[in-house]
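Participant: Sequence:
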Amino acid sequence: MKLFDRYLGRAVIAGSGLALAILVAVNGFVDLIDEIQDVGEHGYTIWLALFHTVLEMPQRAYEFFPTAVLLGGLLGLGNLAASNELVALRAAGISIARLIGSVLATGLLLMALAVFIGEVIAPASQERAQDLKKWAQGGSITLGDTNELWAKDGNRFINIKQIFPGLRLNDVRVYLIDDAQRLVQATFATAAVYRDGQWRMSDVSRSTISDARIVTERSPRESWRRLLSPELFSVIEQKPEHMPAWRLARYIDYLRDNHLAAESYELAFWTRFTTPLSSLVMLLLAIPFVFGSLRTGGAGQRLFIGLLIGIAFHLINRALNHLALVYGLDPLQGATLPLLAFFVIGLIAVARTR
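Take 67 as the starting number for the sequence shown in this note's numbering and just add one per residue.
Calculated directly from the structure, the hints in this document are not laboratory data.
The structure presented is a predicted model; accordingly, all values stated were derived computationally and were not measured.
Glycine residues also receive a C-beta, built at the ideal position from the N, C-alpha and C atoms.
Among these hints, one or two may not hold up.
[As the list claims (entries may be wrong)] Below are the BS3-like pairs computed for lysine-lysine, each with C-alpha atoms no more than 27 Å apart in a straight line:
| # | residue 1 | residue 2 |
| --- | --- | --- |
| 1 | LYS305 | LYS218 |
| 2 | LYS199 | LYS227 |
| 3 | LYS199 | LYS305 |
| 4 | LYS305 | LYS227 |
[Stated by the list, open to error] Simulated restraints, written as ranges between beta carbons of each label pair:
| # | residue 1 | residue 2 | range |
| --- | --- | --- | --- |
| 5 | ALA407 | LEU69 | 32 to 38 Å |
| 6 | LYS227 | VAL186 | 44 to 50 Å |
| 7 | ALA327 | ASP237 | 45 to 51 Å |
| 8 | ALA327 | ARG234 | 26 to 32 Å |
| 9 | LEU298 | ALA80 | 41 to 47 Å |
| 10 | ARG261 | ARG239 | 19 to 25 Å |
| 11 | ALA378 | TRP216 | 24 to 30 Å |
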């Protein structure tokens, strides 16, 4: 790697880091104000609210990463252009194409960093944030207005009234149906806890239904190897957009195996790939403002235009994602169309760079 490659790379990375820090800090302040409204509920203190906000920052950093790279590219390269350092590199015989290649190589490093944040740091930190708030408030997992979980596993339908941290369940009901869709068995348990690879059920009542009669059996305690996979409960607690790709893939397989709707999780799965790629595309869009005919204007003007582009991409991306779910479009198309559109725009703008 040439010396000027490292020089350009440091400028882009430093600018992106500064932009990301500002975006995350501003959003964190807004999140903290929102969290303060819950302070006082079951011992949820201001310090826990602050810690919860800090734990959510990696997820915010992942969401803002493409916009931060766009602004960082404009800021870092714009400063080099303003001090005529890019002109000096050109005078030294380095072509614009070579400079652009160096900038995009830095974009690949930033894309790898986005993958690491999105797949490793953010999901773990977000899960800790949820656990912290549940522990502090002493509450159970909220699953819609009814606070109940319904799950399908083959020919079994499972209903759980309450789910607490530590895989502790209250009021568990399992309904077994036959191939004719008739109810043949209903099992009830007042509580369940997952220990040593088994579900320890308490106060179990099992009713077997036939055409002639209903036979009911009761047991104070039972151990089940099969209820629901413990991994599914971590999926239930997290929004699809907060889950890593590997967990999304496994949950999508579960939904498909049970003939359940998986579109929202498929969309989130493909978004795990398009978000890092968006960072590279955003850097591509920054290049014409520094090397091309759009470089006229001050740093403030370039940053303002970059912010508008970042906001436009974010809004268009979210809109098409929702439209894909509402109108039943292919989740892959919903996740990639905004990226492809801005990529084409970036290529055209770079091709016209002189």
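Participant: Next step is simple, just say for each hint if it's right about the structure.
Facilitator: Each hint, compared with the structure:
no. : hint                        : result
1   : LYS305 x LYS218             : holds (19 Å)
2   : LYS199 x LYS227             : holds (20 Å)
3   : LYS199 x LYS305             : holds (16 Å)
4   : LYS305 x LYS227             : holds (20 Å)
5   : ALA407 x LEU69: 32 to 38 Å  : holds (36 Å)
6   : LYS227 x VAL186: 44 to 50 Å : violated (34 Å)
7   : ALA327 x ASP237: 45 to 51 Å : violated (25 Å)
8   : ALA327 x ARG234: 26 to 32 Å : holds (28 Å)
9   : LEU298 x ALA80: 41 to 47 Å  : holds (42 Å)
10  : ARG261 x ARG239: 19 to 25 Å : holds (21 Å)
11  : ALA378 x TRP216: 24 to 30 Å : violated (39 Å)
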